[in-house]
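K.L.:
Residue numbers (the working numbering), protein chains in the order written: chain A, 1 to 130; chain B, 1 to 115.
If you're looking for bench data, these hints aren't it; they were derived computationally from the structure.
What you are looking at is a predicted structure, and each value in this text was computed from that prediction instead of being measured.
A couple of the hints might just be wrong.
[Unchecked claim] Facing chain B, from chain A, some residues (calculated, C-beta under 7 Å): (1) I4; (2) A32; (3) T38; (4) V39; (5) H40; (6) V100; (7) K102; (8) T105; (9) P109; (10) L112.
[Claimed, not checked] Now the in silico label distances, taken between C-beta atoms and shown as ranges: (11) A:S71 - B:E73: 31 to 37 Å; (12) A:D75 - B:E111: 32 to 38 Å; (13) B:E73 - A:T98: 44 to 50 Å; (14) B:E111 - A:P90: 49 to 55 Å.
In this text, a Cβ means the ideal position worked out from N, Cα and C, and glycines have one as well.
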Amino acid sequence: MREISVLTDVALITCVVQRGIAETIIEAARGAGAQGATVHFARGVGVRERLGILGVAVEVEKEVINIVVSSDQVDRVFEKMYLAGKLDTPGMGIMYITPVDKAATYIPPDVLDRLSGEGASRSAEPGGSS
Amino acid sequence: MDFVRHTKKIVCVLLQGNASEVIGRLHKEKGVDTCDIDRGRGRRTKNPTNKTYGEYVEVEVVTVSIEAERADEIFEFLYFEAGLDHTHGGFLYQVPVVQSTVFKLPDIPEEKETP
């Protein structure tokens, strides 16, 4: 019987920044306890034109960082990413948190045993027992 | 405009090269037409007890929009079909969607594969 280790109480942090800054932010997230990150490229429209008038150069090419963390870590990781990316500076980027229903990945049995009772639950494939 | 409420978005991050096959099976076996593939790079801890990140790897991100009633079914299908039950197989998560448009394909018979 195959089983899925479903993670609950997790949240998704998405951070959109100028290209070249993602690495700095990911390192900050790692230091705060994040286990991984996914990055892809995008381009932004709007802010660049507006801030250009004020003399602030904003790169149109973006990097989008997605990190899933536990609910008890999210505020700490969010703050570290925010500070590392200097998102309090106009044009540096935007970030937000999305609630996640559930997440799943491979968890080694020994780690799963250690984590059981801290927000992870086993969900059996339909037809099996939980 | 037609809207659908109470849908779910399922995002599956898997190693590069597997996504096309996965969504092909998703379409053929589950009748899902609302999915797309993005590409990116990912990093994760080398092992669960080590805080050091591994190197970047190229990943493909499959995004599926599905009605809430079928979300669990598709979630489990993707978990096993994408090989997420193996080490470094990938990651999968599901988020709620407030509202989404209706996507329908035209009623055209599928192409038959030529031998």
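K.L.:
Checked against the structure, which of the hints given earlier come out wrong?
P.N.:
Numbers 2, 9, 10, 11, 12 and 13 - these are the hints that the structure violates, sorted from lowest upward.
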